[in-house]
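Here the protein sequences line up with chains A, B, C and D, keeping their order. Everything in the first sequence is counted per my numbering, starting at 1 for the first residue and increasing by one. Everything in the second sequence is counted per my numbering, starting at 1001 for the first residue and increasing by one. Everything in the third sequence is counted per my numbering, starting at 2001 for the first residue and increasing by one. Everything in the fourth sequence is counted per my numbering, starting at 3001 for the first residue and increasing by one.
In short, the hints are calculated from the structure, not lab data. Wrong hints could be hidden among the right ones.
What the hints assert, rightly or not - Below 16 Å or equal to it, Euclidean Cα-Cα: the simulated EDC-like pairs (lysine to aspartate or glutamate) are:
1) D:Lys3276 to C:Asp2049
2) A:Lys70 to D:Asp3008
3) A:Lys202 to A:Asp176
4) A:Lys70 to D:Glu3108
5) A:Lys60 to D:Glu3215
6) C:Lys2070 to B:Glu1089
7) A:Lys276 to B:Glu1054
8) B:Lys1276 to A:Asp176
9) A:Lys77 to D:Asp3008
10) C:Lys2077 to B:Glu1007
11) B:Lys1070 to C:Glu2007
12) B:Lys1060 to C:Glu2011
13) B:Lys1077 to C:Glu2089
14) A:Lys77 to D:Glu3007
15) D:Lys3276 to C:Glu2215
16) D:Lys3070 to A:Glu7
17) C:Lys2276 to D:Asp3049
18) D:Lys3060 to A:Glu7
Said to hold, decoys possible - Which residues of chain D face chain B? A partial, calculated answer using Cβ under 10 Å:
19) Pro3050
20) Ala3051
21) Ala3057
22) Leu3261
Even glycine gets a Cβ: it sits at the ideal position worked out from N, Cα and C.
There are 4 protein chains.
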Amino acid sequence: MLVVMQEDAPEAQVQAVIDRLVGMGFTVHRSTGVQHTVLGGVGPVDDFDPANFEVMAGVKECHRIVSPYKLASRHFKPAGTVVKIGGVEIGGNKVVTMAGPCSVETEEQIECAAQIVSNAGAQVIRGGAFKPRSSPYSFQGLGEDGLKIMRQAADRHGLLVVSEVMDRTQVPLLVDYADILQVGARNMQNFNLLRELGGIRKPVLLKRGISATIEEVLLSAEYILSGGNYEVILCERGIRTFETQTRNTFDVSAFPVLKRLTHLPVIGDPSHGTGKRDYVVPMARAAVAAGADGLIIEVHHDPDHAVSDGAQTLRPEQFTEMMRQVRAIAGAIGRTA
Amino acid sequence: MLVVMQEDAPEAQVQAVIDRLVGMGFTVHRSTGVQHTVLGGVGPVDDFDPANFEVMAGVKECHRIVSPYKLASRHFKPAGTVVKIGGVEIGGNKVVTMAGPCSVETEEQIECAAQIVSNAGAQVIRGGAFKPRSSPYSFQGLGEDGLKIMRQAADRHGLLVVSEVMDRTQVPLLVDYADILQVGARNMQNFNLLRELGGIRKPVLLKRGISATIEEVLLSAEYILSGGNYEVILCERGIRTFETQTRNTFDVSAFPVLKRLTHLPVIGDPSHGTGKRDYVVPMARAAVAAGADGLIIEVHHDPDHAVSDGAQTLRPEQFTEMMRQVRAIAGAIGRTA
Amino acid sequence: MLVVMQEDAPEAQVQAVIDRLVGMGFTVHRSTGVQHTVLGGVGPVDDFDPANFEVMAGVKECHRIVSPYKLASRHFKPAGTVVKIGGVEIGGNKVVTMAGPCSVETEEQIECAAQIVSNAGAQVIRGGAFKPRSSPYSFQGLGEDGLKIMRQAADRHGLLVVSEVMDRTQVPLLVDYADILQVGARNMQNFNLLRELGGIRKPVLLKRGISATIEEVLLSAEYILSGGNYEVILCERGIRTFETQTRNTFDVSAFPVLKRLTHLPVIGDPSHGTGKRDYVVPMARAAVAAGADGLIIEVHHDPDHAVSDGAQTLRPEQFTEMMRQVRAIAGAIGRTA
Amino acid sequence: MLVVMQEDAPEAQVQAVIDRLVGMGFTVHRSTGVQHTVLGGVGPVDDFDPANFEVMAGVKECHRIVSPYKLASRHFKPAGTVVKIGGVEIGGNKVVTMAGPCSVETEEQIECAAQIVSNAGAQVIRGGAFKPRSSPYSFQGLGEDGLKIMRQAADRHGLLVVSEVMDRTQVPLLVDYADILQVGARNMQNFNLLRELGGIRKPVLLKRGISATIEEVLLSAEYILSGGNYEVILCERGIRTFETQTRNTFDVSAFPVLKRLTHLPVIGDPSHGTGKRDYVVPMARAAVAAGADGLIIEVHHDPDHAVSDGAQTLRPEQFTEMMRQVRAIAGAIGRTA
């Protein structure tokens, strides 16, 4: 850690900081400049809060040198992680698409969705059986019945299943039915859930919270990785800003930033990222152009009658067209889709 | 609901919107202006998403008329809710203070804290036994042992206990030991937890998420209220903005806004709201001046050695001084503290 | 305008709103629902602030129906505007690239830049002669000498010139030397400058402010258009959010949103949008994939020694490679570049 | 400056950074830790961009040690600045109030305002003669006539005048009529204007931009101070966040933060900070409780008919009551008002 002292900080204040650093196990390098003294703390200490030093008398600012995440960093695995499930590889050259309705409603609806998804060439079907809803008066999902419906339709069409797990008590159920367990944006810092997912051996799709920094996403991934589950897929799905034309601001730069900082695959969710159907296709193109390893898309055979998220859900023909365009973009940057 | 059609939207598009509204159970009032047709949908329908109409052809914009929350609205209980626990009233004339360390560490530490808190005239001791931490490598709390330590110290000093519940599996344990169950900012939209808390009969302290709008806080409160638990206390604790001089931006205007929109008591947490000890006292004053019904404050007998949140934790003498100043501010606006 | 009254608003309050609407020249339609009365004000009135009604007794909320901008709206010119300068068309099928250094430094530097830019197939050279700098101690630009250098180099290489105008006193000078006058992000709401630019007959490149909503960008464009200058090009260049990995958050969804709301051409500036060289190329691809009509890029023959913005400035070979990739992306969506 | 190298950065990369630092005039201290090498650059160099080093190969991050502003820092003048105009002191013990309508409309209106303001015990009348308006179709101000009206009314009632200057061409006019020249939020980074104001000898009221960090406000103040005008008063007036219940989020913590970082007086504008009349009084109380040196408030004898900002403008009786409450709060913290 680096501690920059204020100009003219008296020696007693410098010494107090040194004492505290040494007391925590740091070796201290002192460097005295014309205006500022800088203290560098080097050591085996990982878990400390730089803010504790920032409030000490005479301290101007502090900077953590070592990243607070390790297993998630690109440095830990420079070649990059490819998550392999059956024949599907996420994080490889091919851009993978996961698609389906927001909520599982009926067997017929999911059968329709599975046809649309597999016909268009996507690899994974999505659909929520447990739904986190802002209002207690909204539809809350079919639960285990929904998972069964998803599993059967996926098997009929040779698709994988991704579905959301809302808390740690639901993990065993999801493990039984899904190929990938999704952690929703609102649960990105549900640490009990993350720890539980560190103990399973199925891939986890971790969505960025709407107000989470990229560093916080990586710390949440670290929870899962440090439990021994190395198959984590990250997902950008829009952050909250002042702009209201879109439901969230889809942070497309998160793709190149994350690809640089971490070895984990990163996919994009332009459905939640924009909240409006007409913007999903251009933003799916943008995500792939910026380097996303995959997409997760809401599609429904009749979005006007979907029980949730209809406004951001593609019609079947829009989805098919999106797949065509995404393939063209992938080709333009030397990938397939 | 109001649907504003685009200028020159053809009659077929208007009709499609009317048909959809009627199909959902709305009675439709049509009003045709020089440039725009406006459709007003009136009816018993509560659970719908205006975004579904916004993406229809020819629609310019939609507005929900009826608030999505009901039990939490000021209209439901104009006189305001006072949560009474033993002799303590939250939401009445007296400004209530909850204080204590971020984490429960040892019996001695909590005994110290209880003395500081009760001597200064505060009513509730706080302390975390289960700690949501961004990093998996940070201290995660003492669990049930921590709750026992809190309960015993509180009883010795005539204080109430508030402590955080991290997921629904911990609810029974917290009900056994705490007088008020705290939902942390990261869990404000953990709907399974909220629903569980609707079923208990102990007060809940619901913290605003760092990126939650005020409407979303009220919807989360609605989850608890709609389960039959009417004793909900809201807490402003800072939102995430672009400013980095403070850990969060303590949204002081949330106090008058919430007091207008809801009947529930609202307290402020300037410790998390600012993240730095030196700003806690002025912001505690500001919160009370703006109308907060109470405060929740981090204080520790030796913050430099606190296991968590030391930088934002007051020293004992600062806390005592804060109580003095807060009392003066409360007096200036006709309240006590 | 629509005014939604609160539940149970007494008749006197409804009448007060009606009286005020009528007094302002609106015709009022009243629609009474089970819970809420809604008043629709229709009329020739353009310049009013809905907030004035929101604070009236008994009013729940207000919504402006008619957009506050007119000349900038897509509805005004559905076919879209193509700005033609010499042989260059901005807003047509071809994606146009403007590129060059942040600041004009020397004649040699600009000659180098002009070669790089024209060799790579871009159409416009950029470079600042007047520099808005956060610190008074930073380089402030060469002024008219810089403009001369730019003009001469551009003419030698068959390029157009775009350069920034910082206030209305500089307009005549810029008109003399530049083909496109750029309004920087910090000046997006310098209304005296915008009004002055409405009176000239040269295209204006209007950059979105870092905290400007899309509606505010369009209102600023309206200032220029309403003065009679119809050649306005909009530019997305990043908004301020809580994320710090990038200098700003490049709002890629602004491209499809703006293309829907306005007929004006929209280009992207991934250099300022990201602030870091390594992210410029992927975000240039993303912008074009999302529908941008052009790009404005910082490139320098030796960015390590650029007097300003070096970190976000491409090296010559990176720029050439970017042009190649952008051409591939443009081709994938049926455009050229 | 501090440059932290990445783990395992090869010696050649370290050397390249050292060479660049030395080339810029820095003396370099090198400190090699177990994982990271840290380079400290010390020297007379003030104007450089740390981002230039962050993009060098092998660099993890950079931190500027010396603040980019000097004259504005508390360190430069620890005792604090008191701006004295006639008998009014801004930045002293007494909390100063500036109040009046958003826009100057008529002589009668300003006479009314001056009576309200002086009767309630405020010291300065505010009113805009030049109005920056988002829409070109809105009222743009009376210009010099407005300033004359303000001056005469102020003189009749023993008040000072504060009024906004929109660009550098208006500076001489404002100097003739006003006692304090206001720079509006939209112009906080209009550097030509700031530089011009550095050359006058009248106090400047500098408002924080809605997306300006506190450091950026201080850099803008530095422009004025470095021109030789030391009488700068800062003003917090709300920042843009995701919350929409208030027009802006009034950043009350800016008061204690600024009082710590700078010696300049800091006042608050809860009218623009909240945008709604009913929130102005509680937020005025909060600002003073948090340490503001003064307030600037919109008040009008008939806000329902104000030409601008009516919704956030207090009625006369509200203003008088606000003054009473603010005095009580000031008294509670040992100040007068």
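- Which numbered hints turn out to be false for this structure? 4, 6, 8, 12, 13, 15, 18, 19, 20, 21
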